[in-house]
Amino acid sequence: MTAQLGEPENIVLQARDVSFDWSGVPLHWIPDDPVATHLINVLHLLLPAGEEWFVKVFKEALPYVKDDRLREDVLGFIGQEAMHAGSHDGVLDHFVEQGLDVRPFVRQVEFVFDGLLGDRNLTGERAQAWLFERVAIIAAIEHFTGVLGDWILNAAALDEAGADPTMMDLLRWHGAEEVEHRHVAHDLYMHLDGSYGKRVRAMTETITMLLALWQRGHRFLMARDPLVKGRIKGGLHHLRRTGPAGLTPPGRLLGPSIMRYLRRSYSPLNEGSTSQALAYLASSPAAQAALR
Amino acid sequence: MTSRSPRWTAGQSAGQIPPDLRGRRSRDPFWVVVGALFNGIQWVRSLRTPVIPYVRPVDRGLTLVVQETRREAADVVGLRLGAPDGGLLPRWQPGCHLDLLLPSGRRRQYSLCGDPADRRSYRIAVRRLPAGGGGSIEVHEDLVEGRTVRVQGPRNAFPFLASESYLFLAGGIGITPILPMVQAAERAGADWRLVYTGRSRETLPFLDELAGLPPGRIVIRTDDEHGVPRSADLLRDAGPGTAVYCCGPAPMIDAVRGAFSAGTLHYERFAPAPIVDGRPFTVELARTGTTIGVAAGQSALEAIKAELPSVAYSCRQGFCGTCRVRVLDGTVDQRAATDQGGDSMLICVSRARGGHLTLDL
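Protein sequences appear in the order of chains V and R. Residue numbers for the first sequence, in this note's numbering: 1 to 292. Residue numbers for the second sequence, in this note's numbering: 1 to 361.
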């Protein structure tokens with residue numbers, strides 16, 4: 001009989017050491033489906049620069065935190081995000097080795113995070129206001145990473161389609177940690193600022209930015225793919241097939257989840273399951289490989 | 001792992017409009033437009049003086065009183081803590097610990113080992129470690145009945161999840177988080193085994209409480225009777241669907257982690273690995289000019305944190321790279337796999353080679 005237990009609460013967040021061996025992972029790691037493969041691959045292009053930016057902004061925010069427990073959560077969050085950034089970076093190297101040169105797009109992603117969302121040479125109160133604005137943007141992005149993390153943990157159709165186990169482990173390890181720490185960015189923003197208007201603005205900017213990068217990233221990957229050779233044009237319209245098939249997050253995941261985020265009573269803890277995430281993390285091959 | 005190779009940026013500043021994706025134009029028109037729009041929004045917003053919100057301090061500490069102490073084994077004391085007015089305490093789950101803020105200023109974490117259904121008291125058990133940092137001795141000698149102590153928590157670094165079968169591995173005082181798990185598994189009717197190891201029976205706390213559970217599920221394995229256990233012996237009962245929960249001395253956890261092949265392994269890690277062959281050194285924080293001493297058994301991070309509480313760190317084991325700091329002067333004894341050499345170090349594990357370092361902090 002399975003023990004019935006409540007959802008674990010008050011979790012201490014800790015970075016986990018992981019190691020991945022990409023050498024055996026095929027370019028189209030969802031077999032015979034470059035379209036779906038690249039819809040997910042866009043994430044690999046966004047995450048290293050994006051998550052390094054999270055780390056940088058949250059480090060800057062630390063001195064403003066006046067809650068010991070939240071500070072511990074933020075420190076755990078930073079370590080986990082740093083490990084994510086490094087691990088996705090390994091995938092990018094593997095892409096380049098296989099003849100898919102992703103550097104032009106990564107350069108554009110760096111422009112978004114380090115340029116548009118960078119320091120802007122501000123000082124004093126303006127620097128602080130811009131810092132909190134960026135924390136609000138991270139909270140909005142983290143809402144989606146939590147939703148996507150919950151999706152990938154439950155994406156049985158990818159296993160059935162024969163998706164590469166190493167890639168699935170990277171995505172699920174990452175997704176599980178996103179679910180595990182899904183409350184931190186929102187808690188930090190509510191502690192530091194909490195203004196509702198800023199949350200709405202940050203969510204609007206985040207949706208626009210993510211949709212534009214996802215669309216452009218997919219078209220870029222489909223055009224550059226050395227096997228597809230531009231025969232299939234990329235774009236988010238492919239979600240109409242891959243979403244219902246369970247190979248990518250369905251487009252309809254987005255709308256209701258944004259409506260939930262925009263409620264004043266929004267709590268990230270209602271998205272996803274901590275116990276499912278922790279159970280995956282306790283059995284992740286990459287986390288166990290790093291132990292040896 | 002955090003700093004990427006510079007070839008990704010190809011010598012350009014990240015703030016410049018990037019080239020287009022086909023390499024035809026040096027400034028992608030899409031980003032020219034987006035950049036102009038976004039910068040425009042920020043410019044309009046900058047016309048107003050920013051409103052800086054007041055960040056309200058949050059104190060989550062509790063003051064508890066020692067209601068009862070009890071000798072649980074040769075050198076283990078059990079403490080029952082409650083609110084001074086006998087009121088309800090925050091809820092907890094198996095695997096949770098409390099942070100005790102001892103009168104000396106030491107901060108120590110102890111697993112809760114009582115009954116989660118008891119909302120009016122917490123129980124912890126502390127082994128006296130004469131060669132430790134002094135925290136356990138302080139608990140043994142100063143926290144007598146009637147004394148008060150500041151605590152933070154409960155927090156959970158060892159969450160207990162639903163499963164059909166469990167193998168619990170407890171080494172000595174490592175029984176403390178395991179005990180409530182065993183009781184929860186028994187209550188839930190799960191299939192469970194406990195292997196409880198230690199030097200001798202006299203050193204093992206809570207044997208009396210374990211005696212109330214079905215004896216066929218518990219193996220007490222003491223070094224004086226059975227010899228030092230090998231990890232393969234400990235894991236013998238772990239089938240494919242078994243969730244393994246391990247808590248004990250660091251070498252025991254490391255051995256079990258190393259011997260574990262596939263399945264679900266949960267373990268508790270409270271503290272970073274002990275410092276091997278550490279020598280004292282001094283660190284100058286260049287931005288303030290302060291010089292602080294780092295003791296032989298202390299990490300640079302611990303010493304710096306006492307001076308700069310908002311210094312960033314995370315894993316404390318040298319892999320995540322969060323605490324990387326620029327080194328302005330001195331030679332680094334690099335002890336982290338991800339230390340990249342040159343002009344930076346991970347202050348959580350790396351140390352000084354020549355007795356002094358100047359850091360960009």
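In case anyone wonders, no lab produced these hints; they're calculated from the structure. As the structure is a computational prediction, the values presented were derived from the model and not from experiment. Cβ coordinates follow ideal geometry from the N, Cα and C atoms, glycine included. Keep in mind that a hint or two might mislead.
[Said to hold, decoys possible] Now the in silico label distances, taken between C-beta atoms and shown as ranges:
no., chain 1, residue 1, chain 2, residue 2, range
1, R, Gly132, V, Glu125, 42 to 50 Å
2, V, Asp32, R, Phe30, 29 to 37 Å
3, V, Asp32, R, Leu37, 35 to 43 Å
4, V, Gly230, R, Asp277, 53 to 61 Å
5, V, Glu125, R, Arg187, 21 to 29 Å
Would you pick out the hints that fail for this structure and give their numbers low to high?
-> The structure breaks only hint 5.
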